[in-house]
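Please take these sequences and the hints and turn them into a complete structure.
Top line first, the protein sequences correspond to chains U and G. With the numbering used here applied, the first sequence closes on residue 484, and no number is skipped along the way. With the numbering used here applied, the second sequence closes on residue 466, and no number is skipped along the way.
Note that these hints are calculated values from the structure, not bench results. Bear in mind the structure is a predicted one, so any value in this text is a computation, not a measurement. The reader is advised that the hints may include incorrect statements.
To be verified - List time: in silico PhoX-like cross-link candidates among lysine-lysine, alpha-carbon distance up to 20 Å:
1. Lys184(G) / Lys214(G)
2. Lys398(U) / Lys217(G)
3. Lys214(G) / Lys398(U)
4. Lys184(G) / Lys398(U)
5. Lys409(G) / Lys446(G)
6. Lys321(G) / Lys125(G)
7. Lys197(U) / Lys213(U)
8. Lys160(U) / Lys188(U)
As the list claims (entries may be wrong) - Computed far set for chain U versus chain G, every beta-carbon distance over 10 Å:
9. Leu97
10. Glu206
11. Met301
12. Ile417
13. Ile424
Note that the Cβ used here is the ideal one computed from N, Cα and C, for glycine as well.
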Amino acid sequence: MSSETKQILTTDGIPLEVSLKKAEKKNKIKAFLLVAPLLLFLIITYVFPIGEMFSRSIDDKMITNMLPKTFKEMEKWDGQELPPEEVFTAFYYDFKVLVEKQEHGKLGQRLNKEKNGFNSITKKLFRQVKRKKIDESISIKEQIMKVHKRWRTVEYWQAIKRTAPPYTMSKYLKGMDMYYAADGSIAQVDEDRRIHRILWLRTLEIAFFVTLFCFLMGYPIAHLLATLPMKYSNLLMICVLLPFWTSLLVRTASWMILLQQQGVVNDFFVMIGLVADDNRPEMMYNKVGTYVAMTQILLPFMVLPLYSVMKTISPSLMRAGKSLGGTPFVAFWKVYFPLTIPGIGAGCLLVFILAIGYYITPALVGGASGTLISNQIAFHMKQTLDWSFASAMGLMLLSGVLVIYWIYNKLVGVDNIKLG
Amino acid sequence: MSKNPEFVKFDKVDKSYDGKVLVVKDLQLDIAEGEFITMLGPSGSGKTTCLMMLAGFETPTHGEILLDGNIISNIPPHKRGIGMVFQNYALFPHMTVYENLAFPLRVRKVEKDEIDKKVDKALSMVSLNGFETRMPAQLSGGQQQRVAVARALVFDPAVVLMDEPLGALDKNLRESMQYEIKHIHESIGVTVVYVTHDQSEALTMSNRIAVFNDGKVQQLSNPAELYEKPVNSFVAEFIGENNTFNGEVVDIAKDKCKVKLANSEILANPISVKSKGEKTTVSLRPERALINPTDNMDNMFTGKIEEVIYHGDHTRVRLNLLGSSEFILKVPNSSSNLELKVSQDINIGWNSVDARALDPK
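Pasting the structure below:
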């Protein structure tokens with residue numbers, strides 16, 4: 065064979081490669097245009113909001129913009145003793161601007177979050193500035209220090225210095241019940257105030273058990289679906305899918321009717337004499353309610369991937385297992401079960417990820433001991449209006465999901481997942 | 106060791122799935138030890154059901170199945186010790202070839218060394234040594250088939266069932282696999298029950314063939330007899346090619362009868378006709394009718410060629426003969442053969458022995 069590589073030409077004399085690229089380009093553009101609307105939609109509704117959330121969660125620019133001169137002067141201050149005259153002067157002029165813009169209140173609130181007691185001393189300083197009591201021709205440091213004894217305390221000036229960077233991880237630390245201590249190190253909050261960690265653990269626990277219950281209940285159903293003759297399996301499929309087609313709120317509300325203390329389930333237990341009428345168990349506004357309702361709601365997400373995998377397993381494999389001498393259990397465990405692992409993986413991942421961010425159901429039937437981290441996020445979105453904290457927790461949840469996905473990929477391999 | 110002629114016995118077995126239709130009717134079938142028996146029939150004839158009952162995946166509605174003298178109807182499949190090769194091989198896709206073959210041994214708690222030895226032996230039987238670590242998906246159809254055969258044999262079962270095992274292979278591979286399975290059977294002497302709807306496969310491989318139709322065994326005999334001497338028109342029609350004449354018996358002697366067709370009469374061999382006036386279908390194999398016969402044959406007619414189809418080793422000639430234009434002749438391709446042309450008139454002759462007067466269609 066000759067080693068000479070001759071350029072192949074089309075009949076028009078254009079090199080084949082060029083011609084091919086030209087022909088493919090059109091197809092590529094066409095393909096791109098087809099997915100472009102979706103891509104745009106995803107960018108607008110997914111990538112952009114997540115970026116926005118992230119920037120909001122670490123954003124601390126407000127105070128940086130309020131005290132530009134102060135922070136500039138503070139760069140030279142070592143932070144050990146009271147800052148020099150220049151820092152006080154710069155702070156005074158920054159503060160004067162804020163007073164003119166009537167934004168001194170915001171500064172007080174923000175600094176108060178960093179260290180308690182800032183609110184009142186800013187108000188005091190505001191009154192002095194407003195009445196023009198501060199003489200700009202003599203030492204401003206002395207005058208400010210006279211306003212309140214806290215202005216003479218180095219810790220308060222250190223707190224101001226800590227707010228200098230435009231970005232902060234403090235919201236993330238707060239999400240894990242930690243904070244920046246006065247010296248800038250990371251410290252744990254008091255034991256009796258660690259609510260977030262409990263919520264994270266509870267979220268993981270509930271998501272884990274809901275996944276487990278879904279698996280235990282969904283596997284036999286999916287198997288039945290895959291093996292029953294068509295006319296019965298269709299009916300069963302509709303029963304499985306019916307919850308899908310009912311509003312989530314309606315389903316949760318019906319669980320409330322069933323599970324409450326004077327509800328249908330309790331009435332039934334009393335009727336058959338299982339429990340005494342005056343000793344009805346609480347099945348709602350606690351974890352039990354969350355487990356029951358979430359398992360029922362998330363069950364289809366387990367059944368459908370399992371079903372689609374089981375449908376492809378030929379019944380002759382089980383027969384082969386048996387005819388080769390395996391007991392029905394051995395045939396199931398060694399032959400059938402390993403083949404359903406892709407479906408199990410997909411179902412578990414789907415249910416777990418959905419459960420970890422579940423909101424409405426725990427909010428309605430969970431009570432105090434059955435609420436999850438998402439309820440806490442909503443609380444900060446709607447009640448405290450601390451959006452940056454809500455964003456931080458939302459992102460922590462998202463990265464948690466990504467970590468689970470990564471671990472899962474290491475253990476099972478994402479290629480092995482089959483969603484249908 | 107004397108061979109048990111009733112190693113597997115179906116004793117008056119009935120099977121119905123819905124309580125209305127009998128899929129298998131009053132089946133009486135004995136299979137000798139070491140025999141290669143084929144259940145042949147069109148789809149829906151009950152042959153696979155019989156196999157499934159023997160394997161234990163279906164229970165007979167009535168009657169008993171015996172294996173080596175013991176009733177096995179109530180024994181679950183995994184305790185029967187019957188090997189089975191499935192239609193789509195049913196190799197376990199998540200196990201290697203070695204693991205597939207070791208499966209029946211492992212569940213029987215065979216020692217590891219022993220497993221290795223047996224797997225090796227089984228693989229060499231199907232000439233697949235060196236494929237132990239492959240996954241089934243990495244094998245070709247024919248190789249998968251061989252693994253399936255090896256797996257069904259590796260634990261030395263008394264009986265091996267094969268359910269249309271070659272159905273998914275292409276023609277050439279199918280033929281070579283037929284010989285291979287036949288040779289394996291001959292070398293190890295296991296009893297094989299084979300199900301197929303392919304008659305040439307059945308003729309090639311079997312000691313005996315049971316032709317199934319409508320839930321019943323129509324004929325049970327060796328391949329030659331089945332082809333040469335079909336006992337009814339279904340078997341004649343199903344096995345090989347066949348020219349038929351419908352008519353009425355007008356005269357009958359011991360080994361000859363005269364059958365009146367629409368506008369002529371032929372001599373035939375009375376098989377299932379007993380008396381005058383009976384309706385009958387006369388069956389004649391295409392290769393038994395000769396062109397310009399030199400011998401004296403007792404049926405001699407002239408027909409007109411309607412169609413000539415060249416098939417390489419032989420030529421098929423469709424004739425208009427005795428009022429039917431569907432009469433087929435197979436002419437061997439030899440240099441002495443005549444130039445056959447459409448619309449030519451030729452003389453055709455056959456012996457009455459070969460024209461079997463069977464039950465009317």
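Hints not upheld, ascending by number: As far as the earlier hints go, not one is violated by this structure.
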